[in-house]
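Protein chains in written order, with my numbering: chain A, 1 to 288; chain B, 1 to 209.
It should be emphasised that the hints constitute simulated quantities derived from the structure, not laboratory data. Backbone N, C-alpha and C fix where the C-beta goes; we use that ideal spot for every residue, glycine too. One or more hints might be untrue.
[What the hints assert, rightly or not] Listed next, the stretches of chain B that the computed footprint assigns to chain A, with coverage defined by at least 3 CB atoms under 8 Å from CB atoms of chain A: (1) 15-29; (2) 125-133; (3) 197-205.
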Amino acid sequence: MLKKRIAASLVVKDGIVVQSINFRRYLPVGKPAIAIEFLNQWGIDEIILTDISATRNDQGPDFQMIKHASRKCFVPLTVGGGIKNTGQIKELMHCGADKISLNQAAIHQPELITQASRIFGNQCVIVSIDVIQNNNDYQVYDYLLQHPLNLSPVAFAKKVQDLGAGEILVNSVDRDGARQGFDIELYNRISEQVTIPVICCGGAKNANDFLEVFTRTKVSAASAANFFHFTEHSVNTTKANIFRNIPIRHETYADYEDNSFDEELRLKKKTDSTLEEMLFIRIEKEII
Amino acid sequence: MSYKQKIVIVDYGVGNTFSISNAISFLGYAKTKISDKEGIISEADVLILPGVGAFDEAVKNLRTRNLDNILNEQVIVRKKPILGICVGMQLMADGSEENGWHDGLNWIPGKVIKLQLPNLFAVPHVGWNNIKFIKNKPLFTRNNHDCHFYFDHSYWFDCDEKFISAWTDYGIKINAAVQRDNIFGVQFHPEKSQTSGLKLFRAFFNSIS
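Work out the full structure, taking the sequences as your base and the hints as a guide.
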């Protein structure tokens, strides 16, 4: 059985992973290579790296950065930002990317979706759509112009599916960094209308938000950025909570299945007697 | 266990060669090369045929670089072990119907066909799925039954049961791994399947003396 995926979004600005709030404010987090190495060890199902400065600075993808960052990435890596032609996609593949995501290009040169899926297969092409809420309706948002476009996200999603996109990543601008949970209404509208997998992103605060979006919508994957960065083993503990209700891949050596969590789903301290006993338990290292 | 094996990842332009070499280097095999040169391929102890992309594009690239003949010599005549990954595995079939019929390498009888799934199953089949082993030697000796691998494909290799070494359930039974003599193929991406994938590489290289 295919499992729902837990993805991590890395927003990269000028070579540094940043925390993004409403697509306007950015706080530095650290180096992409380190973030990827840790997320990978913690059992993330896939990583989506988006370079938000590439197109803005009128540059192509930062191949050296990707090459360096992908070295210890043993889960699928999607790279987006600044992609304008299939030559760049080929180069990204050689730098360790497994899939690419198109955002500005999907809006301004949709033929690239078709060209890319023809050469690399449609499973390789993700179209990333930024969506903002406007008078009870949704519109596609242009992050460069910082302005909504007169374009319905559902219609746009169907269009890019027909053009050859293999997956759609839908980012909610309103929920970005807001810790209010995923926009269920938005993801229902889109995932009901397309047959290709939909990845939702924006608003996750803890495992309950993942559970909600997986039970109430048909999305195939849910992604979070900020909240994975700031706690040790954030992915393992989140997955341990989701795994209790929904079948997901939960195979990390540290699985937190015996731990308890508080109402905010923060890890509770083990009892003193358990900690005492742990002094005498030999924890074997996993052998690969 | 030897880290001295000469591993060559066959480069034909469209594969994700760097990802695979990252995974293998992480395991400590220092003599890993990415190449399309006959001299280097013929000196290898073991070959990896990667794959991302469309079948016709892959086959075209393989033939333009004369790799079909070079690989036939190494794999069929000299019986060198080879592991095909994703499209690399599909290339081992008679052919594929992706973007019209295209002939493959003809190593394992069978056809690569479009995923025809019951309703509610999205194509491509993308994500983590658990697999069932039929033959756990040599690829799965270090993995547990029902472990997860990362799949990402719209077409699958339909072949005779005797060549299947593992399958996965996605509305239909999809062949996840095939083998015939010295030829091995996996539909999923071990280089992107975290620890499960690294264990598969380790098991495969260990099985080769």
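inquiry  = Count the residues of the stretch 125-133 of chain B whose Cβ falls closer than 8 Å to any Cβ of chain A, and tell me whether that reaches three.
reply    = holds (count 6)
query = According to a criterion of three or more residues whose C-beta lies within less than 8 Å of a C-beta of chain A, is the stretch 15-29 of chain B covered?
reply = Per the Cβ count (9), the hint holds.
query = Are there at least three residues in the stretch 197-205 of chain B whose beta carbon sits under 8 Å from a beta carbon of chain A?
reply = holds (count 4)
Hint check: no violations occur; every hint is consistent with the structure.
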